[in-house]
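> In case you want the letters, here they are:
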Amino acid sequence: MATVKNWQLDRQMDYPYEEHRPKKQWAIVFDLNKCIGCQTCSLACKTTWTSGKGQEYMFWNNVETKPWGSYPLAWDVRVLEKLGYQHWDKNKPYSGKTVFEAADPAEKAVHFNPQDEDWMYPNRGEDDCTGNVSGGKYLTLPHDNWFFYLPRTCAHCTYPACLAACPRKAIYKREEDGIVLIDQSRCKGYQECVRACPYKKSMYNPYTRVSEKCVGCYPAVEEGKQPMCVQNCIGKIRIMGFINPPWNAREDNPVDYLVHKKELALPYYPQLGLEPNIYYVPPIHANREYLIQMFGPKVEEVIENYKKIKNDPITQGLLVLMGSTDNIIHRFKVSEGSAYAFDEKGDQIVRVPVTEPLFIRTPWDEKLGVIRNNTP
Amino acid sequence: MKKIYALMVVSYLLWGQGLWAEGLIAKYVKEDLSKLNLEALFWKEVTPETIQLIAQPMVAPRPQKTLTEKLWVQVVHNGEWMAFRFKWKDKEKSEAGPLGKFSDAVAIQFPVKEKEVPPIFMGAKDSPVHILHWRAQYQKDKEKGFQTMKDIYPNMNMDMYPLEFANQYSHDEMLKKITEEQREVFVSGKSAGNPQSFQKIKGVDEMMAEGFGSSSVIENTRAEAQGIWQKKGKEGEWVVQISRPLALEGGSILKAGQKSFMAFAVWQGGEGEVGCRKSVTMTWVPLIIEDKK
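Those sequence lines, one after another, are chains A and B. Position 132 of the first sequence, counting from 1, maps to 864 under the numbering used here, and the rest follow consecutively. Position 45 of the second sequence, counting from 1, maps to 74 under the numbering used here, and the rest follow consecutively.
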């Protein structure tokens, strides 16, 4: 085991390979307050990548309703159960064990092995609330009864458990963008990656007899485009970009800005120790204990930061850039009521107004002398 | 824990060395060994040797306990072909297929370079080994053809796969010409040419390896294999024959009247054994090839 730096845990940790950060690291930020669970991302991914034989139940991108939904069945509960109780004090390094540190010497990571039927209910628990909203209830924040949608792709982790567990070394992390791929010509279908990935984002294809996973839409990324799940998000809740570790964070990089500068987004289940690269703006209405379990002890602070956005035109500008372009935004700026996005070369991709201009359409049309109505 | 493992390995090595000082004798027979016959009469004249196996102890992920402790092996040759007949206890037949299901399997390993015995655990860089790997899954391929989704999940229903709308009945001339190969361009394992994604017509894979996790399949193997699982009371057992030409060019070359070495591995797929999760021999077993009479 090597000792590597995991900034999400604010400490060194054990990992089977030496620390080696790619030149750029693929990352997505999701604003969970805006996800409506429409599954357009799931379908965009499915029609692009997983419509073939052996992929019938394969969703590289899925959206599950928390807390009851899960795909595969109870993946999160079962992984946490296997890891056991771990402790993490607020504003302190993680004091518990990661999946690598808690592993039996015979294994690379603490894991469970989902069975065939666990993959068969991708929309289990969809839209289920934690409890009934009975008469006399009124809204509080956080809500007494709640649910939220959790869209998930592969997190293209800095320390992937799939890669660590593959005895054939058929999984690799790309130097140029940090995307984690399974070599389709070398995989022998041992499903060690399926066992080891705590997020269960490696999936076995029984037709080709090899494992597959989210490819981060690397052909699009190579062309400077965001992945299909991001491009097609109709709620405009996602932005894909390249994240730097905090010591190299750039304020004009949209992902760095959201994660490091403003601390609006957090990785999910960081305690597992993989340094996952999908980040979530936590839902402000959901149960805090649940959110702490999922996003770590910083979550309350992050929610407070989110509530302050109403007085922060720069963050507002960045949030309106989300979903405003198919291209990867390498740099952004907000000035004079407009948000600007730039590509890798520094060319402007898009300009959007931070606040949409408001036009008031009076009910009475002076020119025609008629009452306007909305009936077609 | 590590100390106990080390002690186990050392004691096993010492014990193994003594046990295999003489080795397995490949008896000379005047039979056609390229044809597979598990019940051929000559097998009755060869005493099965018991090979002790141990849960693979060297690399993680590894099995927690030894699931196959004994492997019974018989070897014969006719000057051109060598045949192995294996028997081991396995309470259920596992042929893989659905997610999370693995195949029963057996493998034999040979050194490649003459007068050099590579490290037992699948060789090392510049010290390759040659492996014959039979799987129940491959055997099913051989007998019943490549397993389609309908074979694996008989009750499944699927409306349409990509490009399936295009066939010889299509109105568009171009769509009529869509080939199966073009349809399968989106089937990544196949389009990447992964040998796992194609039918195993011989029931056995021939592989080269230079260390753990490095095995690569040799195309057009000449080896043949056949296995049968039979129920024995509450237990069950596999009987598998693997036949190979003595000289496999590009692999291992065996010669009548000479000595070589072998190592073995067994997987119980039903118990989740696959890849490194296997029972193995911890020392090379000498193979004495009888001279032609």
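Treat the hints as calculated values from the structure; they're not laboratory data. Please note: incorrect hints may appear among the correct ones.
To be verified - No more than 35 angstroms apart at the CA atoms, straight line, and that leaves these computed lysine-lysine pairs for DSBU-like: (1) B:321 <-> B:144; (2) B:142 <-> A:901; (3) A:901 <-> B:219.
Unchecked claim - Derived, one-sided and incomplete: chain B residues facing chain A with beta-carbon distance under 10 angstroms: (4) 182; (5) 183; (6) 205; (7) 208; (8) 211; (9) 220; (10) 244; (11) 247; (12) 250; (13) 251; (14) 262; (15) 275; (16) 279; (17) 306.
Ideal Cβ positions, reconstructed from N, Cα and C, are used throughout, including at glycine.
> List in ascending order the numbers of the hints, as given earlier, that are violated by the structure.
5, 6, 7, 8, 11, 12, 13, 14, 15 and 16
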